[in-house]
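Below are the chains, spelled out letter by letter.
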Amino acid sequence: MILSLSGKEVAAQLEQQFPGSIIASSENNFLVKSESLLDIAEYLKSSPELDLDYLNHITAVDYYDYFEVVYQLTSIKHNHSLVLKTRCYGRDNPLVPSVVSLWQGADFQEREIYDLMGISFDGHPNLKRIFLWEGFQGYPLRKDYL
Amino acid sequence: MIASPSLNLEHYWQTLPPDWPGGFWWHWLVLTVIIIASVLTLVMGYIWIERRGMARMQARLGPNRVGPFGLLQPVADAIKVLIKEDIVPANADKIVHWLAPVIAFAPALMIFAVIPFQSGTAGRLADLNIGILYVVAIGSVSTVGVFMAGWGSNNKYSLLGAMRNVAAVVSYEIPLVLAIIGVVLIAGSLSLNQIVLAQDIPFILLQPLGFLLFFIAGCAEINRSPFDLMEADSELVAGFHTEYSGMKFALFYLAEYAEALAISAIITTLFLGGWRGPLLPPWLWFVLKVIIVFSVMVWTRTTLPRVRIDQLMALAWKFLLPLALINLLITALEVLAWPEALPWVMIPVNIAIMVVLVLLWSRFFKLGWGRVEV
Amino acid sequence: MAIKTEPFVINIGPVHPSTHGVFRMRATLDGEVIVDLEPVFGYLHRGIEKLAEERTYTGVIPLTDRLDYIASMSNNLAYVLAVEKLAGIAVPERAEYLRVIMAELQRIAAYLVAIGAFLNECGAFFTPFLYMFREREKIIDLFEMVSGQRLLYNYMRVGGVSQDIPEEFLPALGEFLKQMPRFIDEYDRLLKQNEILLARAKGIGILTKEKAVNCSVSGPVLRASGVKWDIRKADPYSIYDRFEFEIPTGEVGDCYDRYRVRIEEMRQSLRIIEQAMEQIPSGAVKSEVPHLIRPPVGEAYAHIEAPKGELGFYLVSDNSIAPYRCHIRAPSLMNLTALREMVIGWKIQDAIIIFGSIDITVGEVDR
Amino acid sequence: MEVDEQAGLYVYSDTELDRAEGAAIESLKAHCQQAIPDPDKWLEEELRRNILLTSVDFMLNWARRSSLWPAICFPACCAFELIAANASRFDLSRFGMEILRASPRQADLMITAGTLTWKMAPQVKRIYDQMAEPKWVIAMGACGISGGIFASSYNVVPGYSRIIPVDVYVPGCPPRPEALIYGIRMLHHKISQRHTIEG
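Residue numbers (this note's numbering), protein chains in the order written: chain B, 1 to 146; chain Y, 1 to 374; chain S, 1 to 367; chain R, 1 to 199.
This is chain B alone, in the form it adopts within the complex:
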């Protein structure tokens, strides 16, 4: 079985490294500030005991007030996984740092989120619409899309 790492434990561990960047944590996941996402992700990937080298998926959920971006990470070596979340506010130009530099697998998924949810990823090498065409009005996966 893939061991689901407890968000609380990992958050406690990270709190020393990155004070103030963790907003909340629960058994399944933990929520970080979007500004410090890249640093934390880098730590999660490179730290030997976590070694979360495999990015299962990225997705975004629209909660009207904010967008939640969810990262599911797995370590193939230790066979454990972790869910990392971040939030971004505002409906005009929500912005989250891109993790393509860490996990190349994020490339198409970030473009997909940009295309369908309208969240921009800062630092993405080729951020343009992936499924819909240039000039498509609106972002279909948002809850207020008509």
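Any given hint could turn out to be false.
With a straight-line cut-off of 30 Å between C-alpha atoms, the simulated BS3-like cross-links for lysine-lysine are [said to hold, decoys possible]:
#: 1; chain 1: S; residue 1: Lys-192; chain 2: S; residue 2: Lys-211
#: 2; chain 1: S; residue 1: Lys-50; chain 2: R; residue 2: Lys-29
#: 3; chain 1: B; residue 1: Lys-77; chain 2: S; residue 2: Lys-228
#: 4; chain 1: B; residue 1: Lys-128; chain 2: S; residue 2: Lys-211
#: 5; chain 1: B; residue 1: Lys-45; chain 2: S; residue 2: Lys-228
#: 6; chain 1: S; residue 1: Lys-233; chain 2: S; residue 2: Lys-209
#: 7; chain 1: B; residue 1: Lys-33; chain 2: S; residue 2: Lys-211
#: 8; chain 1: Y; residue 1: Lys-156; chain 2: R; residue 2: Lys-29
#: 9; chain 1: S; residue 1: Lys-209; chain 2: B; residue 2: Lys-45
#: 10; chain 1: Y; residue 1: Lys-156; chain 2: R; residue 2: Lys-125
#: 11; chain 1: B; residue 1: Lys-45; chain 2: B; residue 2: Lys-8
#: 12; chain 1: B; residue 1: Lys-77; chain 2: S; residue 2: Lys-85
#: 13; chain 1: B; residue 1: Lys-143; chain 2: R; residue 2: Lys-29
#: 14; chain 1: S; residue 1: Lys-4; chain 2: Y; residue 2: Lys-318
#: 15; chain 1: B; residue 1: Lys-8; chain 2: S; residue 2: Lys-233
#: 16; chain 1: R; residue 1: Lys-29; chain 2: B; residue 2: Lys-128
#: 17; chain 1: Y; residue 1: Lys-156; chain 2: B; residue 2: Lys-128
#: 18; chain 1: B; residue 1: Lys-77; chain 2: S; residue 2: Lys-233
#: 19; chain 1: S; residue 1: Lys-211; chain 2: S; residue 2: Lys-228
#: 20; chain 1: Y; residue 1: Lys-156; chain 2: S; residue 2: Lys-202
#: 21; chain 1: S; residue 1: Lys-211; chain 2: B; residue 2: Lys-45
#: 22; chain 1: B; residue 1: Lys-8; chain 2: S; residue 2: Lys-85
#: 23; chain 1: S; residue 1: Lys-202; chain 2: Y; residue 2: Lys-318
#: 24; chain 1: S; residue 1: Lys-4; chain 2: Y; residue 2: Lys-94
#: 25; chain 1: S; residue 1: Lys-85; chain 2: B; residue 2: Lys-143
#: 26; chain 1: B; residue 1: Lys-33; chain 2: S; residue 2: Lys-85
#: 27; chain 1: S; residue 1: Lys-228; chain 2: S; residue 2: Lys-209
#: 28; chain 1: S; residue 1: Lys-192; chain 2: Y; residue 2: Lys-318
#: 29; chain 1: B; residue 1: Lys-77; chain 2: S; residue 2: Lys-209
#: 30; chain 1: S; residue 1: Lys-50; chain 2: B; residue 2: Lys-143
#: 31; chain 1: B; residue 1: Lys-33; chain 2: S; residue 2: Lys-50
#: 32; chain 1: B; residue 1: Lys-128; chain 2: R; residue 2: Lys-125
#: 33; chain 1: B; residue 1: Lys-77; chain 2: S; residue 2: Lys-202
Okay, the calculated bits of chain S under chain R, using three or more residues with CB under 8 Å as the criterion [as the list claims (entries may be wrong)]:
#: 34; stretch: 21-31
#: 35; stretch: 63-72
#: 36; stretch: 149-162
Here's a subset of chain S near chain B, in silico, CB distances under 7 Å, partners left out [stated by the list, open to error]:
#: 37; residue: His-45
#: 38; residue: Val-213
#: 39; residue: Arg-329
If you are wondering where the hints come from, they were derived from the structure by calculation, not from laboratory data. Quick reminder that beta carbons are idealized off the backbone N, C-alpha and C, glycines included.
Assemble the complex: chain B is given as a structure, and chains Y, S and R must be docked to it using the hints.
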């Protein structure tokens, strides 16, 4: 459209059989009609054989609804294609686009002018004393047509396909001609009729390596699988004739099979003893042998995957060319030793030489797993 | 003297014989060599994730069929596992076994298509493809017995499967298991003993271990690169911990390895089906589940080892009858991440077979 | 957009090409909101024709229906039923249809197997336009007829008849190969009613 026969009319008059109705022009007219009709019929037969044979090899039935056993399928295809709209792409080079199918098709038909399909003078349109040279020269012309099609269509896939074709034909022409020279050495003549007459033992037995080389190079020359890179379905859409429709496409389609027919006819003439054979009438022997050769081509087409363009080149230059040269050398030595006619003892010897050489070369030469720099 | 050349941009697709549907690659060529390639998606983007938000939990199952349409059973399974995880629904034993049998049969069927298409792209003129389809028809017959459909089965339900198997199913399955190994050997010989195929496939399109993991590649493509990662073993969902099977891996990560891994996995799937057939208990095939499922507020991610790779469903519930958010982790899309690096520097013919060896379904890429 | 002085050609960047594609899709979407009716009027036509023309017609129609070469246009799920119909068990090659032309110029029949999205619509229309006359279209599957299960989506064209005229509709999701073969037989029937020569 048909090559003018030998200019030496005086001589020609004399070679005609005494009971031949009319003279030279009658001979020309009747045989031209016979050749065009039989080539077109045979090409349709080929298409039928290929579609049915291929279907059987692929665990299917193949066309069987149109006419008995689907025999009328090629006829229906031909009528349909001929009455279909003819599209010229907007930015195409109109003249080149229009001329290309003609130039590709005509040579395939012209080759049959010198191929003897029957004993005696009535069995061929012209008995050129340099028949095989004529075949090789004319055979290369259709490449020009293919390249014109690729260029004139203003389509990238067409251009890629055409360029592959030119590269392949230029490379494979050399082993092809070298393989022919072996036959010419033994027969002692360039005339196709003389070559047939010289085959008391079919040359496939005396020249097994030459036959192998000729068959491979011939398949590559006419874009049969596994060398069908020019119209590679899964890569280049339809290759050089991507932009062709209607009658022009029909000409390309016909040319493809007419070339296959021509190559099988040449193989039959050079290596399988042409029209010679017991019991049955000579022309029937000829047709039978041609169909057998073509069936082998169908077989390879259904079984073998396609090689890559650099592997195609490597096969020509590293495998076929050296072997063709060695074959030529050995044949020359044999002919030097027995200037009259090669004895039948040479059959097992030559076959053994072929086996050894091919095995040896496949040791030296690998198609190359992975990246091959050319 | 160097001849002045200039790059040549060619659009492969969206309608092209070898793009497995409507996929487009914008390739820049230098002669025959690819210097740049950009995959273009979206020609089959039907908005399944959006449509799922307006349907009930059960109503989403037919949509999942149409994701990877040559492996519908696997898609059903991944989705119902996610809903069961979200709502905490138990599944009867017999249904679990049926699910495993169907998922493994589906894997064989999907690999047959993958291998056939790969060989077809090598230029084998439909022959291997048609032979693979002959065997695939047998599997489809089995599926038709249980679900009445030939392609999009819609067989699994939340809390079990839609109906029990008819009594002639297990004998037919046994017959199939008896015949299939011989055919798999035949396909194996196709590549192992053909010089042209070896030359076309060996050493082509190498994907290294590190690159594969970094690019989130999964399934046979990941295993061919030498990573022993199979969710059936790593995170045994359903009842996969009860069966014995191996995880075949490749060494180099080239097209040949990807083909070998698929062949080997078909054999392992047969092993799993055999064991499941022996152990299958009798009993109910569906637990008592309300027609309109209202899972508690929360989220769940369930993933399975689908024929293409890790297929996951991320569901968010707001205690209504429809999912608040349904995200699909599509293996085909992720596996394409590495495509650009894999094909650059190769000939256009290689690019086609590298693409074929990754084996995508556009329905899943674009969703 | 840059201008290549030497060749006198316009060089577009990828972004510009993407925008152009987007504009084409939008304009097609704006123009194709109504279904195109079946263009053939043969049903109402009176059969007042002489024997010669009829037999010429018969011959041409026989040829056309006996060698329908399908174009490759396989967007989605139904493609697999189409391939299955081509494979050993159902074997469309019996009707002379095994020659799948990858080039639309040489094809007669477009079997639209699968969902059509607005992004794909311009390409399908272009393929249809590239096919040489006479040409026919079979809309295969629920998606091809009306958008099917995806009809309410933001990117799905509700049926191929919005962008190209369709001759035969084969319902099903996906239709079984038998249904497709039945549809092809219906098309054969339709072709044999055609008058090429106006008498």
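Here's how the hints hold up against the structure:
At most 30 Å may separate the alpha-carbon atoms for a hinted pair to count; S:Lys-192 and S:Lys-211 meet this at roughly 27 Å. For the hint pairing S:Lys-50 with R:Lys-29, the CA-to-CA distance comes to about 20 Å; that is within 30 Å, so the pair holds. Restraint check for B:Lys-77 and S:Lys-228: the C-alpha separation of about 10 Å stays at or below 30 Å, so the hint holds. A hinted pair counts as satisfied when its Cα atoms are at most 30 Å apart, and B:Lys-128 with S:Lys-211 qualifies at roughly 23 Å.
Distance check on the hinted pair: B:Lys-45 and S:Lys-228 sit about 19 Å apart at the alpha-carbon level, within 30 Å; holds. For the proposed pair S:Lys-233 and S:Lys-209, the alpha carbon gap of about 19 Å is at most 30 Å, so the pair holds. With a CA separation close to 29 Å, the supplied pair B:Lys-33 and S:Lys-211 stays within the 30 Å bound. Proposed proximity of Y:Lys-156 and R:Lys-29 is supported: the alpha carbons are some 29 Å apart, at most 30 Å.
Simply put, S:Lys-209 and B:Lys-45 have alpha-carbon atoms about 16 Å apart, close enough for the 30 Å limit, and the pair holds. Using a Cα cut-off of 30 Å, the hinted pair Y:Lys-156 and R:Lys-125 holds, with the two alpha carbons roughly 21 Å apart. A hinted pair counts as satisfied when its Cα atoms are at most 30 Å apart, and B:Lys-45 with B:Lys-8 qualifies at roughly 18 Å. Between B:Lys-77 and S:Lys-85 the CA atoms are separated by roughly 25 Å; this keeps the pair inside 30 Å, and the hint holds.
Note on B:Lys-143 and R:Lys-29: the hinted pairing holds, with a Cα-Cα distance of about 24 Å set against a maximum of 30 Å. Using a Cα cut-off of 30 Å, the hinted pair S:Lys-4 and Y:Lys-318 holds, with the two alpha carbons roughly 28 Å apart. Between B:Lys-8 and S:Lys-233 the alpha-carbon distance is near 27 Å, which keeps this suggested pair within the 30 Å criterion. The straight-line distance between the Cα atoms of R:Lys-29 and B:Lys-128 is roughly 21 Å, inside the 30 Å bound, and the hint therefore holds.
About 27 Å separates the Cα atoms of Y:Lys-156 and B:Lys-128, which keeps this hinted pair within 30 Å; it holds. With a CA separation close to 13 Å, the supplied pair B:Lys-77 and S:Lys-233 stays within the 30 Å bound. Between S:Lys-211 and S:Lys-228 the CA atoms are separated by roughly 15 Å; this keeps the pair inside 30 Å, and the hint holds. Between the alpha carbons of Y:Lys-156 and S:Lys-202 the distance comes to roughly 29 Å, so the proposed pair stays at or under 30 Å and holds.
The suggested pairing of S:Lys-211 with B:Lys-45 holds, with an alpha-carbon distance near 15 Å, which does not exceed 30 Å. In summary, the hint linking B:Lys-8 to S:Lys-85 is supported, as the alpha carbons are separated by about 21 Å, within the 30 Å threshold. At roughly 20 Å between alpha-carbon atoms, S:Lys-202 and Y:Lys-318 fall within 30 Å of each other, so this suggested pair holds. For the hint linking S:Lys-4 to Y:Lys-94, the alpha-carbon distance of about 28 Å falls within 30 Å, and the restraint holds.
A C-alpha spacing of about 24 Å is found between S:Lys-85 and B:Lys-143, which places the hinted pair at or below 30 Å, so the restraint holds. The straight-line distance between the Cα atoms of B:Lys-33 and S:Lys-85 is roughly 28 Å, inside the 30 Å bound, and the hint therefore holds. A hinted pair counts as satisfied when its Cα atoms are at most 30 Å apart, and S:Lys-228 with S:Lys-209 qualifies at roughly 10 Å. Distance restraint check for S:Lys-192 and Y:Lys-318: the Cα-Cα separation of roughly 24 Å lies within the 30 Å cut-off, and the hinted pair is therefore satisfied.
As the CA atoms of B:Lys-77 and S:Lys-209 are separated by approximately 13 Å, the hinted pair is consistent with the 30 Å bound. For the hint linking S:Lys-50 to B:Lys-143, the alpha-carbon distance of about 9 Å falls within 30 Å, and the restraint holds. Between B:Lys-33 and S:Lys-50, the direct Cα distance comes to roughly 27 Å. Compliance with the 30 Å bound is thereby established for this hinted pair. The straight-line distance between the Cα atoms of B:Lys-128 and R:Lys-125 is roughly 25 Å, inside the 30 Å bound, and the hint therefore holds.
For the given pair, B:Lys-77 sits about 28 Å from S:Lys-202 by alpha-carbon distance, which is consistent with the 30 Å threshold. Coverage of a stretch by a chain is defined here by at least three residues with a beta carbon nearer than 8 Å to that chain's beta carbons; for the stretch 21-31 of chain S and chain R the count is 3, and the condition holds. Here's how the stretch 63-72 of chain S fares: 4 of its residues keep a CB closer than 8 Å to some CB of chain R, so the rule of at least three is met and the hint holds. Counting residues of the stretch 149-162 of chain S whose CB lies closer than 8 Å to any CB of chain R gives 3, so the stated coverage by that chain holds, three being the minimum.
Given hint, S:His-45 at the interface with chain B, holds; its Cβ is 4 Å from that chain's nearest Cβ, closer than 7 Å. With 7 Å as the threshold, the beta carbon of S:Val-213 comes within range of chain B, its nearest partner Cβ sitting at about 6 Å, so the hint holds. Interface restraint check: S:Arg-329 against chain B, minimum CB-CB distance 4 Å, threshold 7 Å, status holds.
The structure is consistent with each of the numbered hints, conforming to all of them.
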